[in-house]
Each structure stands twice: as C-alpha cells, then as structure tokens.
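If you read the sequences in order, they're chains S and C.
Note that this note's numbering has the first sequence beginning at 1, numbered continuously upward.
Note that this note's numbering has the second sequence beginning at 1001, numbered continuously upward.
If you're looking for bench data, these hints aren't it; they were derived computationally from the structure.
Any given hint could turn out to be false.
These stretches of chain S come out as covered by chain C in the derived footprint (C-beta under 8 Å, 3 or more residues) [claimed, not checked]:
(1) 41–49
(2) 96–104
Facing chain S, a subset of chain C residues (Cβ under 10 Å, in silico) [what the hints assert, rightly or not]:
(3) Val1004
(4) Thr1032
(5) Met1045
(6) Cys1094
(7) Ser1097
(8) Glu1104
(9) Gln1105
(10) Gly1108
(11) Pro1109
(12) Gly1110
If you're wondering where the values come from, they're calculated on a predicted model, not measured in any experiment.
Glycine residues also receive a C-beta, built at the ideal position from the N, C-alpha and C atoms.
Listed here are the chains, written in short residue letters.
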Amino acid sequence: QKEVEQDPGPLSVPEGAIVSLNCTYSNSAFQYFMWYRQYSRKGPELLMYTYSSGNKEDGRFTAQVDKSSKYISLFIRDSQPSDSATYLCAMTLNDYKLSFGAGTTVTVRA
Amino acid sequence: GAVVSQHPSWVICKSGTSVKIECRSLDFQATTMFWYRQFPKQSLMLMATSNEGSKATYEQGVEKDKFLINHASLTLSTLTVTSAHPEDSSFYICSASFLAGYNEQFFGPGTRLTVL
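Given only the sequences and the hints, what does the whole structure look like? Please build it.
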C-alpha cells in the first residue's frame, strides 16, 4: 500500500465548475499537508499549506483536512482554463521529507 | 520571493557520459536542498537531502556513487549523474527550504535529462 493515495484522473470539467480533488494517507503521524500545482514540464508550485484538521480558504481554493479519516481535499471554485494542470498532494511529519501523491491531471474546458 | 532556478532546463547526452545539474536559490539562503526524480505521469520521488557544507543523505535505493550531490553554498546545490544510461532519463527537480525544521519547500522548474 502506498503511503499517499491519489486518483490520477484525468479529470475534465467545464469552465466555472467546482473541481474536487482528494488524497488519502496511511501514516497517522503526518502533521503537515500541502497541495501543489504543476504545469507540464515545470516544477510544482505551492498552492495551500495546512497543519490542522478543518478548512482553509485562499481565494478560489479551499483545502480540507480530516485527520481522523486520514483524508485531505482541495476544492477549486469557479474553475478557469488556466487551472488546467496536475495537482499533487503532499504531506510530512515533523521533518521536511515530503511524501507525494501521484497527482491528478485536471483539464478545465472553455 | 523564494525563487529557485535550475540549469540546464533540458539536456541530452550520450550513454556513459556524466551530466551536472545546478540548483540555485535566487533570493534566499537555502539551509536544505532536496533532489527529486519524476517519471512521466508519476509523482515526485525524493532522491536525497543535502545541507550546506555536509554530505547528502540519500533515500533507500538511490546510488550515491551514481548521483553525486554537492551543496557547496547556501544558494547552490549540484547533482551530477555519473556514467548516465538510458534508464536515468527522467525529470529531475530540486527544491529548497530556507529555515531548518520549516516544512515549506520551493521547487525549481526541473531539468529534463535524456540519455541516448
């Protein structure tokens, strides 16, 4: 079993739709949770960073963490074609070694 | 702020040659730099962690004699792929963290290595 599970998709939605992404994990010791966006042939870019259960909002993005279920989510509201990318979840213990999900490829259709 | 660059962005080499990839933190001092490898449609796999002035820590299964890492300054780390073979062809990405114990990493744009 992988430490972090993420459905690779692909996921295709019309412009303006809500994009819902999620990851599950097996190590209950993970304390910090991140979502990265990666465009093709580019390095990942940090979108959201959370460390507690609950929701965190930043503009059109909402990150949700449920430590009791070992489940994290990212929601993108009012999706735009420019949101088309691969979204990676990542998590870590108290050190800074990140464990990544496989990434979900999202396409927002104009 | 927190910009990380990599050079080159793309390199093609012949089998058996060595290739050096540079990772630079442009506007901050990186106490720790990380090197990842990413195969097509797969996630990032951590290869090694390096702190300035000390030897890199390699992940299990990564050959330290094949992937030489040097972190000579707080703004520069290099990865040298020695005696490269076609199976080493991959996307290599570095990241940097500017505070010990701080979890946020800033990623470079990646280097695509193709070994013929």
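Hint check:
Counting residues of the region 41–49 of chain S whose beta carbon lies closer than 8 Å to any beta carbon of chain C gives 7, which meets the minimum of three for the stated coverage. As drawn, the region 96–104 of chain S meets chain C at 7 residues by the rule of a beta-carbon pair under 8 Å; at three or more, the given contact holds. With its C-beta approaching chain S no nearer than about 8 Å, Val1004 of chain C sits inside the 10 Å limit, and its interface hint holds. For the restraint placing Thr1032 of chain C at the interface with chain S, the shortest Cβ-Cβ distance is roughly 7 Å, inside the 10 Å limit, so the hint holds.
Evaluation of the Met1045 of chain C hint against chain S yields a held restraint, the C-beta minimum of about 8 Å falling below 10 Å. Checking Cys1094 of chain C against chain S by beta carbon gives a least distance of about 8 Å; that is within 10 Å, so the hint holds. Satisfaction of the interface hint for Ser1097 of chain C is found here, the shortest Cβ-Cβ separation to chain S being roughly 6 Å, below the 10 Å cut-off. Because the closest C-beta pair between Glu1104 of chain C and chain S is about 6 Å apart, less than 10 Å, the hint holds.
Checking Gln1105 of chain C against chain S: minimum C-beta separation of about 7 Å stays under 10 Å; hint holds. A cut of 10 Å between beta carbons decides the hint on Gly1108 of chain C: the least distance to chain S is about 5 Å, and the hint holds. Among the interface hints, the one on Pro1109 of chain C holds; its C-beta lies about 5 Å from the nearest C-beta in chain S, closer than the 10 Å criterion. A least Cβ separation of about 5 Å between Gly1110 of chain C and chain S falls short of the 10 Å threshold, and the interface hint therefore holds.
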